Amino acid sequence: MTVFFRQWSAEMRKLLARKRTLMGFVAFLLLEAAILVLFKFMGGEKRLAWFIERQGQQFGHYDSALTLAMIVIGLSILLLGSIYLALVGGDMVAKESEDGHYRLLLIRPISRLRLLAVKYLSLAAYTVLLVQFICWSSLVLGLLLKGWGGGFFVFMRDPPLMEFHDWNAGLWRFALSTLTSSLALLTLSSLAFFFSCLPIKPAAASVAALTYFLIDRILMESSFMENHDDFLLSKHIVSWAFVLRDPVPWAWIGRGLVTLMAVNASLFVLGHAVFANRDLKS
Amino acid sequence: MAVVEVESVTKRWSTGRLALDAVSLQLRQGEILGLLGHNGAGKSTLMGILLGMVRPDAGSVRVAGHCIERDKVAALGRVGAIYEAPAFYDYLTGMQNLRALTALSGWWKPREVERVVAMVGLSQRVHHRVGTYSHGMRQRLALAQALLPMPKCLLLDEPTDGLDPEGIVEWRELLLRLRAEHGLSILLNSHLLSEVAQLCDRCVILRQGSKVYEGEVRLRQRKDHAPAYVLRGPDVILIRQVCHQAACSWDETSGVVNLPEHLSGADLLRRLVEAGARIEHWVVHQASLEELYLSLSKS
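Just so you know, the protein sequences line up as chains A and B, in that order.
Residue numbers 14 to 295, in the working numbering, belong to the letters of the first sequence in order.
Residue numbers 57 to 355, in the working numbering, belong to the letters of the second sequence in order.
There are no misleading hints in this set.
Covered stretches of chain B (chain A as the covering partner; in silico rule of three or more C-beta atoms under 8 angstroms from a C-beta of chain A):
| hint | stretch |
| --- | --- |
| 1 | 103-116 |
| 2 | 124-132 |
| 3 | 139-151 |
| 4 | 160-173 |
Worth flagging that the hints you see were computed from the coordinates, not collected in a lab.
Given the structure is predicted, the values throughout are model-derived calculations rather than measurements.
Just so you know, even glycine gets a beta-carbon here, dropped at the ideal spot from N, CA and C.
Sequences are here, hints too, so could you generate the full structure?
Written out as structure tokens, the structure reads:
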């Protein structure tokens with residue numbers, strides 16, 4: 014276990030030492046700030062006020078850091094988060110192969126399975142870290158603008174969701190949602206990781222993962238898959254947001270997340286099956 | 057005892073090209089074995105198979121007594137290697153690279169690392185980013201990673217490729233010192249004949265995926281070749297005549313005279329003396345590795 018931890022921490026250090034990784038965090042901060050500015054000056058705040066008041070609630074109470082943070086998170090992950098995770102996941106195995114690093118890594122006494130496990134766990138940790146960063150930095154920006162306290166208003170089209178929470182309950186739901194969204198988004202990373210195990214370029218792996226998700230999303234919207242949506246990843250991915258619903262449908266969330274974990278495990282096994290049988294020679 | 061045993065290894069690429077054809081060899085304890093061959097002869101493929109990077113279609117490879125395909129971790133436990141051009145992480149320092157690589161062996165001893173870094177002459181730059189290293193420094197770092205933790209066997213794939221002459225001499229001395237001090241067994245894949253001739257005890261020559269020679273590097277008279285001598289003297293015309301009459305071939309430039317099977321060196325010498333030829337130099341010809349290599353290539 015100590016050896017595995019040493020291998021994993023070395024992989025994490027390698028991942029976090031890359032300039033591209035750190036630039037990603039800065040890019041997200043800038044994006045979040047930009048979303049807040051646009052929300053304020055492009056009429057987003059007015060529309061939110063109109064919407065909340067239409068539900069018979071006071072906008073002043075729900076115009077809070079938590080409400081703003083959830084809007085920023087949704088847009089950040091939609092605009093950049095998924096692309097960034099697909100890029101990092103796609104790089105994980107294929108970039109090392111392209112750069113010839115396996116000529117150094119695999120001449121050590123380590124099996125391909127273990128090396129992939131170390132890489133996958135690092136990717137999982139990175140996904141959680143990135144999503145946590147997006148969530149909590151959005152909240153910090155929200156706190157800087159709106160201060161502590163107020164209510165928590167959540168509105169989503171998919172899954173259909175409209176909830177009003179008090180500050181304490183809202184903060185608790187928000188914290189829970191950061192965890193469930195990290196787990197849900199791990200599936201996107203896993204898909205990119207799987208494609209990365211194939212003998213293709215890293216960019217191709219990232220594009221393949223994003224394309225799969227886009228098609229999956231389009232199918233989710235189409236009536237053609239109405240009775241078969243259990244086969245679509247999007248349906249299970251959105252289950253992260255149900256922790257914001259009152260009462261929390263734990264069974265639904267559990268089913269969705271377990272399905273995603275099973276998909277992740279399957280993708281890892283398939284990726285290994287391909288990678289283990291590849292000849293690694295320039 | 058053999059540290060590395062290769063038995064009838066065959067590899068055919070997906071393109072259909074035969075990379076290795078039933079190649080067998082042994083690396084014995086404490087010896088330096090050279091692996092020679094032209095570009096595309098299969099040397100790097102064989103190294104890849106020894107390191108578990110390439111999967112053979114047939115045959116078996118045992119390293120330190122363990123099958124590389126079934127138990128790679130045990131097989132490479134005490135093996136250090138340089139495989140093809142080592143690609144380090146340019147954005148990490150030399151030391152961070154060493155740390156990341158040795159972590160895969162589950163090993164990290166700072167003092168030992170510093171000792172090896174000093175041994176390969178990289179102490180001054182090991183804390184700088186690898187992106188700023190010259191080719192020679194990368195090769196030194198490659199050797200450092202191969203020596204951490206100290207292995208019992210080194211598998212080196214063209215380690216002096218691109219090094220300057222001083223660098224090559226330093227490498228040679230270092231490898232000989234490592235063998236003397238630690239009893240390392242070394243398999244050296246190189247296309248530099250002089251390097252193999254100076255470093256290795258034995259060599260294997262590959263040609264188009266097949267082994268065409270395995271034996272001593274410091275060649276004496278080969279049994280499968282006619283005897284040869286080096287003959288020099290001022291009476292060139294006379295010597296040429298006598299050699300012609302005795303059905304010998306004499307190369308005036310190198311002085312090498314190849315004798316036919318029915319003629320001994322003493323017979324030819326007697327004929328030359330009887331003809332009145334003055335002889336300045338007469339020794340048994342010791343074939344060089346280059347000659348052997350070229351003769352095998354031509355055949």
